[in-house]
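> Chains A and B supply the protein sequences, listed in that same order.
Position one of the first sequence corresponds to residue 1 (UniProt numbering), numbered consecutively onward.
Position one of the second sequence corresponds to residue 1 (UniProt numbering), numbered consecutively onward.
If you are wondering where the hints come from, they were derived from the structure by calculation, not from laboratory data.
It is possible that some hints are incorrect.
Rough simulated footprint, nothing fancy, chain A against chain B, three-plus residues with beta-carbon under 8 Å [to be verified]: (1) 42-48; (2) 166-173; (3) 182-193; (4) 202-215.
Heads up, the beta-carbon is just placed ideally off N, CA and C, and yes, glycines get one too.
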Amino acid sequence: MAAAAAVAALGRSLSAALRLPRARPGLPGMALNLYHKNLPKVETLPQVKFLHTTVSRRGLEEFFDDPGNWGEKSVKSGDSWNIKQLRGKSSEDLHKLWYVLLKEKNMLLTLEQESKRQRKPMPSPERLEKVETSMKNIDLVVREREIALRLLQTGHEKPVPGEWRNDFLGRTFWYSYKEWPIPWHLNKKHKKKRFYYLPHVNHFIRLRLEKALRKRARQQSLERTRRKVLERKFPDVAVKSQSQ
Amino acid sequence: MRLSALLSAARPRLPPGYRHGTWPPDSMAARLRNPPGQRRRKIFVEPIAKEDWKVFKGDTVQVLAGKDAGKQGTVSQVVRARNWVVVEGLNTHYRYVNRTAKYSGSYIASEAPLLLSQVCLVDPEDRQPTEVQWRYTEEGERVRVALRSGRILPVPPQPRPDGVVPEQWIDGPKDTSKEDALAKTYRPSLKTFEEEIMDAMGIVETRRAKKSYWY
Numbered sequence: 001m002a003a004a005a006a007v008a009a010l011g012r013s014l015s016a017a018l019r020l021p022r023a024r025p026g027l028p029g030m031a032l033n034l035y036h037k038n039l040p041k042v043e044t045l046p047q048v049k050f051l052h053t054t055v056s057r058r059g060l061e062e063f064f065d066d067p068g069n070w071g072e073k074s075v076k077s078g079d080s081w082n083i084k085q086l087r088g089k090s091s092e093d094l095h096k097l098w099y100v101l102l103k104e105k106n107m108l109l110t111l112e113q114e115s116k117r118q119r120k121p122m123p124s125p126e127r128l129e130k131v132e133t134s135m136k137n138i139d140l141v142v143r144e145r146e147i148a149l150r151l152l153q154t155g156h157e158k159p160v161p162g163e164w165r166n167d168f169l170g171r172t173f174w175y176s177y178k179e180w181p182i183p184w185h186l187n188k189k190h191k192k193k194r195f196y197y198l199p200h201v202n203h204f205i206r207l208r209l210e211k212a213l214r215k216r217a218r219q220q221s222l223e224r225t226r227r228k229v230l231e232r233k234f235p236d237v238a239v240k241s242q243s244q
Numbered sequence: 001m002r003l004s005a006l007l008s009a010a011r012p013r014l015p016p017g018y019r020h021g022t023w024p025p026d027s028m029a030a031r032l033r034n035p036p037g038q039r040r041r042k043i044f045v046e047p048i049a050k051e052d053w054k055v056f057k058g059d060t061v062q063v064l065a066g067k068d069a070g071k072q073g074t075v076s077q078v079v080r081a082r083n084w085v086v087v088e089g090l091n092t093h094y095r096y097v098n099r100t101a102k103y104s105g106s107y108i109a110s111e112a113p114l115l116l117s118q119v120c121l122v123d124p125e126d127r128q129p130t131e132v133q134w135r136y137t138e139e140g141e142r143v144r145v146a147l148r149s150g151r152i153l154p155v156p157p158q159p160r161p162d163g164v165v166p167e168q169w170i171d172g173p174k175d176t177s178k179e180d181a182l183a184k185t186y187r188p189s190l191k192t193f194e195e196e197i198m199d200a201m202g203i204v205e206t207r208r209a210k211k212s213y214w215y
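From just these sequences and the hints, can you work out the full model?
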């Protein structure tokens, strides 16, 4: 109860901190109204171990940008990390870079949400795109290295084995194996699944095939009519496509 | 699947009947003119392949049709979806902007877009309109060549969407320096990413995985 009030008061003081840059000393456990900031610092009570009441909110300021950039209309930022640059980095470097980018992404998302709340434009939203592409590139590089090592050691590309199977409706799909704690002959739910279809389903397979063929024919005739319309409206396009 | 989801999140797909204008697709003007569920007459645009497009922002072109036919100007905006080219100061009409209840607004000249067929690229030395083709130089570089004189028309430097000019760039506190970014620290080994991290952080996994079944 006291803890909930403390967390709510912390949230209110956070939004106050957004408007007022300087952090002020807070109160200890009992009164829990962090607006009264003029009282001296007292050591924390033992039962509220998780509540910060010190000056430095270590960690929380990382959710916000450098205070010099607060209120700016635009913040300049460099390019995102290229795949070629990342391929030359060691695993340690990639690991550290991932968390640096993650913290930056959290900061930018906080900024985006706060600007939505205050109904103001977010300064330089392209920073978020750059961080996301950098993280995507790191993921790609790690995946490439993993696939290369797996191909070398086992000859398989995919991490999880699988096969093409039919379901009870006659459709073919890629079934990838799952990790289970019990063998298949003890798994009642898995045994109820049917990876085969009975002969009466053949009629419906044919209907499905006819539907797909009709859809494809429709798309092709639509493309043909669109091309004819374009040729009628732009005759030189028709001449060029015929000569090629 | 994850990759395509990421890409679609970065660039949201436009609705099928979306009508392009001179405004960016994620602006208030775009949302006003393309409310959801709007169905307008389809505009047919001559299909020009991406590699065949010849006119870029910053090029000098001559207007061939319209009110300012015969005049030359710089291209300030290109809208590929409608084969439009907006030339600075030419083909203008006048309108009021920033109107309020009390203020009638400022009277400004605003340029109307021209179709690609109504403009023509200009030879840099002659300053006469020429036909242009994409050709390859001896080094293998793809360049625009004026057919009449054989001169090369260099493509003007295109501004980046984030407004960064690479020549005038100074690294900020969060930017990695060029040497650090290009430094190669990767040493190929037969360890997986996870194993290398565990070695670096000194994590020793003594737990043994329970027997699990794959099917």
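> Would you mind marking each hint as holding or not holding in the structure?
Hint-by-hint comparison with the structure:
Residue count for the stretch 42-48 of chain B with a Cβ under 8 Å from a Cβ of chain A: 3. That meets the three needed, and the coverage hint holds. Coverage of the stretch 166-173 of chain B by chain A holds. Counting CB-CB distances below 8 Å, 4 residues qualify, and the rule asks for three or more. Evaluation of the coverage hint for the stretch 182-193 of chain B: fulfilled, as 9 residues show C-beta separations to chain A shorter than 8 Å, against a requirement of three. Using a Cβ-Cβ cut-off of 8 Å, 5 residues of the stretch 202-215 of chain B lie near chain A, which meets the minimum of three, so the contact claim holds.
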